[in-house]
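Enquirer: Here is what each chain is made of, one letter per residue.
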Amino acid sequence: MNEAQHDVLIIGAGGAGLRAAMAVVEANPDLSIGLVSKVYPMRSHTVAAEGGMAAVIKDNDAREHHIYDTISGSDWLADQDAVEMFVDEAPRELIQLEHWGCPWSREDSGHVAVRPFGGMQIERTWYAADKTGFHVLHALFQTSLQFSQITRYDEFFATSLLTADGRCQGCVALELRTGELHVMRANAVIICTGGFGRIFPFTTNGSIKTGDGLALAYRAGVALKDMEFVQYHPTGLPGTGILITEASRGEGGILLNNEGRRYLQDYDLGEPLDVHDPRHPQNRAMELGPRDRLSQAFMHEQAAGRTFDGEYGDYVQLDVRHLGEDRIDTRIPFVRELASNYAGIDPVVEPIPVRPVVHYTMGGIDTDVHGAATLPGLYAAGECACVSINGANRLGSNSLTELVVFGARAGRHAAAAVAGQQLSDGPEIDRQVAAERDRIAELRARPAGGERIAVIRDDLNTAMEAGAGIFRDEASLSACCATLRELEERVDRMSLDDTSPVYNTELISALEIDGMVDISRALAHAALDRTESRGSHQRTDYAARDDAHYLKHSMAYRTDGDPRIEYKDVVITRWPPADRVYGSSAGKDGK
Amino acid sequence: MSDTTVQLEVFRYRPDNGGPTYQSYEVPYHDDWVVLDALNYVKNYIDGSLSFRWSCRMGVCGSCGMQVNGEPSLTCAAFLRDHMPGPIRVEPLVNFPVERDLVVDINGFMEKLDHVKPYLVREDDDGDLSAEYVQTPTQLDRYKQFSMCINCMLCYAACPVIGRVDDFIGPAALALAQRYNLDSRDQGKQMRQDVIFQNEGIWECTFVGECSEVCPKHVDPAGAIQQAKLEGAFDYYKRLLTPWARRS
Ligand SMILES: Cc1cc2nc3c(=O)[nH]c(=O)nc-3n(C[C@H](O)[C@H](O)[C@H](O)COP(=O)(O)OP(=O)(O)OC[C@H]3O[C@@H](n4cnc5c(N)ncnc54)[C@H](O)[C@@H]3O)c2cc1C
Ligand code: SF4
Ligand code: FES
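Top line first, the protein sequences correspond to chains A and B.
Residue numbers for the first sequence, in the numbering used here: 1 to 591.
Residue numbers for the second sequence, in the numbering used here: 1 to 248.
Just chain B, same shape as in the assembly (with noise of 0.2 angstroms):
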């Protein structure tokens, strides 16, 4: 055990019983502990009630974003050592309803990813598995940084339109678009748009970039939302605007 402490302010919220709070609570200081070890050092020893979500503790399974110290961070993946010396707050995600304590309700970000079809749609898929379909590096290149967002949701607490238009479908949702969009592999685009250029947020969007600096994985959904735009605002007005363009 080492002999030097820390200090969190954690924000507590029970909606059968008040609140919210915040509750100090004092843990021990590792060099190499993680918040995400912290809260669960609370929870073990300290105060069975607190909730928060967490799983892989590598990045990866994108549970434990929270706000440390207002920043939207991966508790998984933000050390101690760089918020010394305390104390640390620790909150919910915002721009989420809180459920209890550190856990939001992520059903509607669920459904914005559903939104956007994130599957690859082929006409020609016949069931035949004999062989895979043929794609080169750079073909794969061309989505790939758009395939490794871990749905950890940071960005959406880091986007200023979210907190301005509630249903504006957001930065990972359309970061999935358009991987898929970008994929050799799929003839879904068309359809996808649709739904993209139909969503009010998207022209609300300033590219201040703010989803990409926070994002984890650097997936740079900010650079996403700039490519759909550029690509698909001129389509989907040609066929909106135009009815006879259809037809050629």
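Next comes chain A alone, as it looks inside the complex (with noise of 0.2 angstroms):
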């Protein structure tokens, strides 16, 4: 068996595993580090980043803005003390990025721009045009290049971490050229997988986006946190999924239903002004208010009738034409080019169709402040991980920022904590390498002819759409939950079409979709044990939010039967939770 040892291992190459890297290299520069990826860096689903990155730069912003933005509109679901540490060490990693080269679109005094983003009070995203996580990705990429410390296993798939004396020392994982398993051996293993949009059948997320971080983590006994809360974006493009980006609404771009009304009015988000008016757009209102509440309005419109009716289901318009050509090219070129190729519509002259699409992915891996999760040695950050500072609704704009602040963190922590480590010998190794390689050859071994991993996947994709969408109750969750047992059995019987060795992306997909179940499974009763309505998560049997019961977060373990639902106490420093008021009626920080 192919083996390596390094100081730090990192599975994922996206925004958080890159920056996760250098901080390793910044801290020790006499660390090796294993960087583990299982596309190019250069592919991983950062690239699809949009929008903007939030960090407070201006002088008209400060601190407690940002915080009490993230915290109301995570529903007081996200912990304070994260919170705070992630709103003030942003603008310094912003910084850095800009440092390392990361083209940021800027004011005419050559200072970096700023544009207003869903649920902040004031404009404090910065943007590379509307190919943000492009940019950041592929300066994070290069910028990594020129540390020969870091050493890339690109195409090399995780499938399970080692263990021994209680500490987590590796991972086994399979090279897509070869078809070989190699053994990765570390004294801290960090784990960057981002999130697992792919559970939904309809969604922005790149197919890479499955959740196989939480899987390994989970079946390690780690908990999986908060993971009934998935995000759903209020546009995407019916048919593909493919998103276009809120900045399009942070420019001025509203949303009508089929009666042409500015229809965020009748939902609590403010009043709309007419969009020639120098104050549009308005920040935390109308068409600038939170994801989550974007999307339930839509869910409400169609029930009554107002959407309009499409191939690929019912739709709402985005209309961005009075922003005009000029704007629309330099401020949101790649919506141009998106809604023309794939939707047909020039956005400079028609109004845009989009629909509430499965977006990003709250709950992950159980994580504190450090990325630290509670298995020692292991760590998590990005998109699969959970400090929480997302809590029950994501912000826009305030993702890729984490990923380069707890990146950082969780790679300073484990440079810190490998020190002195040894990492251990024997059977207790041996017995899980060995065990990873009887289940991959067990599953090729497969007579052809059984499960298709496709139909699984499809299956999958609708209970979990039917049981655990937008709006969710007893009935569906229980539906759901029962179709997900059937799912893991199912995926026993699985079979693979293609025997070869090299490149076998039809194994790598059955790997996956072997995660995919479980991590559902996690989703699904932690969606079902919460009896309230908070953020992402509406129940229609529960629809009032409940404090004295669920101002914690779920921790769901993994267990041979159904997963155990625990809970654990938010952290509340300064914000006590209130009403989420949205519109021009809200005070500064709510006051």
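Don't take each hint at face value.
[What the hints assert, rightly or not] Anything over 10 angstroms on all C-beta distances counts as not near chain B; from chain A, calculated:
hint, residue
1, Leu181
2, Leu256
3, Tyr342
4, Val369
5, His370
6, Ile429
7, Leu443
8, Asp562
9, Arg574
10, Ser584
[Stated by the list, open to error] Straight line, CA to CA, 25 angstroms or less: simulated DMTMM-like cross-link-like pairs of lysine to aspartate or glutamate:
hint, chain 1, residue 1, chain 2, residue 2
11, B, Lys217, A, Glu89
12, B, Lys217, A, Glu325
13, A, Lys58, A, Glu89
14, B, Lys144, A, Glu350
Note that these hints are calculated values from the structure, not bench results.
Glycine included, C-beta positions come from ideal geometry on N, C-alpha and C.
Grab the two chains, each in its own frame, and use the hints to assemble them into the complex.
Expert: Below you can see the structure in the form of structure tokens.
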């Protein structure tokens, strides 16, 4: 068996993984880092982020405002100590990206420009036109090339974690090119594998966002936190689910129902201003309300018959025509490119059809503010982790910032923690490696003609959408849990068409779906047990927020049967739970 | 499901099992399907052993480049409707070694990117992160176009020089070098020029511009090469031929 050894092993080379790797170098240049990724780093889904990245930099802004927006946006489920660190470290991290070459859009003065974003009371979202994630990822990746301490394992798929003496000490990874397994050893492992939107049928997430890292940690006994909170972005293209960025509304775009009405005014999100009014768009109001509320408003409009009827389901219109061609081309050129290519619509002359689409997963691997999981030696950062700063609803443009703030934190902490640690040898590791080899060999050896992977995936997608979509209730969630139990059995009966060891992408899909069903069960059970509505988790049978019982993080643990759901208190420092007020009546910081 | 179908003729190759061959698949035709959708249909419902790369399905991750009817294309942006009535031939990108089916070996390409030192070089970087480097919109515009490359490698498949001069550093890597050379925050131009002009291929490039033609992101690598040559060659030769010039 192939073996490799590093001080720190990072699984995932998107924004979080690359930042973590460089943080290890900064903290201790003598450490060696293994960077494992199932795709070449620049293919990671961070590349798809469009709108921008939040940090307080302008004189009219203050840390208190960003903190308040994040906490109220989270419907008070974020841990406030984590949010404070996040907001305090964000500006430095974004300047670091600037020093690493990120081509931020600029004011005439040459200082970085900021734009308004949903749920933020002051414009603080840095952007690189509407390809922010693309530029951030490429800047991070290209910068990382100069550090010889980082050894890349591109197109290696991590299949399981290795633990010994109560510590995480590496992982097993499958090399796509050869089909061989590698034993990757390290005294610290940082999981940065991104989110899991792909458990749903209609999503902005790329095919690689299958939540593998969550399954790795979950199977190693670590809790998955707040899994029931899934963000629907209000503006995806019907059919493909391609994202039309919130920046289109930050720049002044409006949402219209089939009566031509800016329907958000009917959902406690404030009064619309004329699109030519210099005060439009208003921060934290109307089209710049938070995503959970906007997506829920769509569902109500749909139920009332006020949406348009389309080939790929109902939709509303996103109208940016009044911005004019010049502004569209300088501020949101990608929106024009995507709408023209994939919907045949030129937003300069026509409104864009949009509908809510699964976009971001707030839940993830339970970590503390250093990114450390409860299993010693294990860390997580980025969308796969739940620190939590996002709580029940993430604010747009906080996620890219989270990647670098907590990626760096995890890297620094891991670098310090590995000092003086020795890898354990012996039967404990060997046993796990052998078991993993057997698991994969058994999967490959199954006779053809079993369950088809794609059919299992389709059925998983259907079950999640039907049972755990924007609105949920006990009946829908119970049915979903039951279907997932069946799917777990069907996964054991799936078989492959592909018998080649080389580039067997079907084997990768099989390993992914196996984990997806597992973490979906955690999600469905956590949603079933949370009998309240908060942020993105809306129970029609429990419509109100219930702070007395549920101002708590759900913690899902894997068992041989159904997941076990426990709860952990939310950290409240200075912002006691209050109503979420949006619209022009809201004062600064909710006061 | 649509009533009409379209025929795909797909290049198949398994290094452990002979080949290559072409295999035909009949897939449903949809007006708004791209070639990648058709390939996924094959993989999901007809033949799970077909291997290819993809992720974003929105033309930004750069994974899904293949030859579609002989043209280097992003398969997530190549619509079936533009290739009707078919059959549509799908092959791996040319000018790269094939690993398996539609998957090519990109390690050589990755090394070329690395080669041009694609990062900001600053002599005065003291780790102070209290403020950003100032850069005006005009300064940004000088290199912006060259920063839009998604590393899809279509330009390498289109390049007539790569086919002949194997170690030619190639259009995307040269555009990337130029992206940093033109960045007002950078001080590493000299170092990059040395790499670029030691490379054989750049002199072979005839500016026919196939690379720019095929680029889905309008990066214009041919323009970058031309600029680099004009600006750089003179400097480079001056230093190479007249050692005393360096002292001045
Ligand atoms: C279309 C879109 C637009 C967005 N726009 C914004 C925005 O404007 N602002 C904002 O703040 N956020 C935005 N987001 C959210 C944000 O982009 C993501 O949350 C973030 O990029 C996730 O980064 P990551 O580093 O955690 O994971 P990713 O970038 O997804 O990277 C995951 C990495 O893990 C690797 N990996 C996964 N599984 C395995 C495995 N089993 N073995 C080995 N490697 C593995 C992958 O290869 C990859 O390198 C957007 C998201 C989408 C989908
Ligand atoms: S220059 Fe254009 S064609 Fe070449 S790799 Fe970059 S994006 Fe692709
Ligand atoms: S799948 Fe990402 S560019 Fe085509």
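Enquirer: For every hint, state whether the structure bears it out.
Expert: Right, here's what the structure says about each hint:
1. Leu181: holds, 17 angstroms
2. Leu256: Consistent with the label, Leu256 (chain A) stays out of reach of chain B, its closest Cβ about 23 angstroms off (over 10 angstroms).
3. Tyr342: With a cut-off of 10 angstroms, Tyr342 (chain A) comes too close to chain B, as the shortest Cβ separation is near 7 angstroms.
4. Val369: holds, 20 angstroms
5. His370: holds, 20 angstroms
6. Ile429: holds, 30 angstroms
7. Leu443: holds, 13 angstroms
8. Asp562: holds, 30 angstroms
9. Arg574: Nearest chain B Cβ is 26 angstroms from Arg574 (chain A), so the label holds.
10. Ser584: Per Cβ check, Ser584 (chain A) is outside 10 angstroms of chain B; nearest 32 angstroms; holds.
11. B:Lys217 to A:Glu89: violated, 34 angstroms
12. B:Lys217 to A:Glu325: Holds, at roughly 19 angstroms.
13. A:Lys58 to A:Glu89: holds, 15 angstroms
14. B:Lys144 to A:Glu350: Outside the cut-off at roughly 28 angstroms; violated.
When held up to the earlier numbered hints, the structure conflicts with 3, 11 and 14 and fits the remainder.
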